[in-house]
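So for the sequence shown, the numbering used here puts the first residue at 1; every next one is plus one.
These are computed hints drawn from the structure, not numbers from a lab. Treat each hint with caution, since some may be false.
[As the list claims (entries may be wrong)] Ranges of calculated distance between the beta carbons of each label pair, as one might list FRET restraints:
id, residue 1, residue 2, range
1, 241, 514, 32 to 40 Å
2, 601, 241, 22 to 30 Å
3, 261, 444, 52 to 60 Å
4, 393, 84, 36 to 44 Å
5, 22, 63, 14 to 22 Å
6, 223, 456, 25 to 33 Å
Just so it is clear, CB atoms sit at the ideal spot from N, CA and C, and this is done for glycine as well.
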Amino acid sequence: MTAGMALILAFSAAAQSPAVPSSADRVRAAEEFRRGVQAYYRGYFNEAVLVFEKALSYLPGEQRILDWLGKAYYRTGVEGAALQQWQFALNASGGDILLQNRIETVRERRTIAAVFDETVRYVEAGLINSRTENGYLFRQPVSILPLSDGTFWVSAYGSNELLHFDVNGVILERSRGPVGGFDRPFGLARLSDGRILVAEMAADRVSVLSPGGTYMSSFAGRGREGGQLLGPQYLAVDSSENIFVTDFGNARVCVFNREGEFLFSFGTKGPLFPGFTAPTGIAIANDRVFVADSVTGAVHVFDTSGNYSRPLLPEGTVPGCESLELWNGGLIAALPSRAVYIDTASGAHFDLARLGNAPIRITGAAPDANGNLVLADYHGESLQIASRMSKLVGGLFVQVERVFSDSFPSVTLEVRVEDRNRNPVVGLKPVNFMITEDKRPVANMNLLGAGYRDDVCDITILIDRSTASAAYTRQIRDAIAEIANAMKGRGTLRLVSAGAVPVQEGSGSPSTGAWDAFTAKAAPSEQWAFDLGLRLAANDLVTAAKKRAVIFLSTGTTGDFAFDRYSLNDLAAYLNNNGILFSTVYLEQTEPPAEFDYLTRSTGGNSYYVYRHEGIASVVDDMVEAPNGVYVLSFDSALPTDFGRAYLPVEIEVYLMNRSGRDETGYFAPLE
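With these hints in hand, go ahead and build the complete structure from the sequences.
Rendered as structure tokens:
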């Protein structure tokens with residue numbers, strides 16, 4: 001080897017070895033890092049990426065900067081780059097368990113779709129026992145009525161009362177009915193206005209309660225005539241708000257309108273139907289009525305007029321079946337020692353949960369808002385909470401999305417809590433949270449708000465400006481006007497046109513009254529870019545209300561340039577990682593394109609036809625009622641700020657029964 005060659009190799013090796021950062025580089029990196037953190041919390045994620053990259057140029061391989069760069073990429077929807085930066089940070093940290101769990105969770109979400117099949121098993125995650133050292137909290141629970149806020153009502157047959165539980169199993173309220181009290185409360189149901197229906201088995205009536213559990217009225221009565229009952233058990237409500245009651249003693253189903261007026265009954269023996277022996281559980285889906293017969297072990301299907309359709313499950317399949325509840329497009333049947341999932345199309349069924357061979361009797365099985373199964377054990381006088389094994393092992397996915405420190409030392413956190421499959425966790429209370437600063441508990445922690453309680457949703461309407469859209473001007477105007485009216489003056493409404501170049505058409509209060517006169521600035525184009533339009537529509541929602549959504553007015557075509565700049569997966573990730581729902585309103589009755597259908601389903605949205613007979617006002621209601629796992633908490637910091645230059649670490653842990661999750665982040669106080 002010549003001396004010249006040796007000199008070149010030595011120079012090359014020196015160039016590839018990491019240089020030791022100078023003091024000036026560290027100062028510049030700290031300044032850029034501070035700017036990046038502030039940009040991130042303001043929702044400027046693309047800017048944050050650039051600033052963190054610049055900080056890394058001064059301080060290559062710095063674990064904290066790499067972690068934050070990954071967070072910024074994650075919020076922009078570029079999950080591949082986020083995972084890469086987090087892996088670099090993990091390597092630099094020597095094996096941070098929290099960071100490793102985040103990487104595993106995001107990878108699973110990208111590669112494994114949540115499935116619901118017979119391999120799923122639910123195991124005990126919590127127990128609410130009626131027996132205490134001071135006596136009984138309740139006796140002989142029968143039915144479960146879950147609410148969208150994570151709480152649930154339970155009918156206690158033995159103690160003649162209804163109990164309202166929170167997600168931690170704490171009793172919030174008790175309802176004992178009219179002046180004379182309930183007489184063996186059994187099945188429960190809920191009307192769209194929140195009123196609660198209770199079937200009283202011994203009183204042979206149905207009582208109506210306010211949403212808070214206050215007695216209002218009763219209807220029906222003892223007898224065998226039309227509108228009379230003998231031992232009513234379970235209840236269901238159809239899309240017209242008609243009330244279906246399984247009349248056990250008369251072996252039939254009685255139907256009343258929402259005001260309690262008798263309409264008709266069905267279930268007696270006929271040419272096609274053998275007649276009920278002991279009707280129990282009842283559920284209604286897509287105008288099909290499913291009724292279980294406890295003695296014969298069959299499940300039968302009727303239409304909402306009481307006409308017999310077919311047997312879903314033949315006799316002997318589910319003997320002793322009690323309640324039926326809707327879940328994931330199918331039914332959950334409560335059997336004496338197990339809960340069974342039933343496919344409503346094929347009748348295929350499998351066990352979801354088994355409670356063993358102890359002296360138990362499950363009379364109610366219902367899914368709560370957080371995806372758990374709540375089981376009422378009549379003989380064991382307890383309530384069991386069952387969850388998927390993967391949920392218990394995977395725990396909760398907790399993310400601190402924003403930190404507000406302008407009023408330091410008072411600090412506010414905006415935190416998103418989900419399970420491993422991206423389902424929001426609702427109903428959490430202050431007791432479920434623990435905030436620490438540099439591993440020390442903070443002072444004056446308060447839960448200021450929760451997204452699931454909000455009745456406001458900020459909405460951006462994305463308008464298809466393909467050449468085909470020129471024929472749908474009236475439909476577009478009608479849809480915009482109806483959506484604006486359905487928002488009832490709450491939240492902010494924005495319009496974005498997805499043309500060749502996306503255009504923001506306007507924004508403001510939905511009550512301005514000018515939305516029905518919409519005239520697009522963007523001309524129809526064969527080169528309309530759905531991806532750019534969706535990104536623009538979502539950008540302003542990142543820092544909007546905790547409930548936020550995009551409604552896409554679509555002609556039902558995608559075009560050749562729909563995903564030129566951003567892939568379908570990147571768009572879905574951008575929406576999901578920022579808590580934005582995506583729903584589609586089709587301007588013509590057509591089969592939804594697979595791409596739009598995927599975005600709709602993966603973000604928790606729905607599809608609608610603009611002129612469906614019930615209108616599209618419910619689009620807004622569906623978005624407002626969608627579960628939301630964002631919580632706002634405050635605390636008083638005790639950390640020194642170094643005049644606003646110090647990075648202040650903060651950690652948050654969330655506990656829910658046998659599950660927990662954690663996130664670590666940091667912020668800067670205002671400069672002094």
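Okay, the hints, checked on the actual structure:
{"no.": "1", "hint": "241 / 514: 32 to 40 Å", "in the structure": "holds, 34 Å"}
{"no.": "2", "hint": "601 / 241: 22 to 30 Å", "in the structure": "holds, 27 Å"}
{"no.": "3", "hint": "261 / 444: 52 to 60 Å", "in the structure": "holds, 54 Å"}
{"no.": "4", "hint": "393 / 84: 36 to 44 Å", "in the structure": "violated, 26 Å"}
{"no.": "5", "hint": "22 / 63: 14 to 22 Å", "in the structure": "holds, 19 Å"}
{"no.": "6", "hint": "223 / 456: 25 to 33 Å", "in the structure": "violated, 48 Å"}
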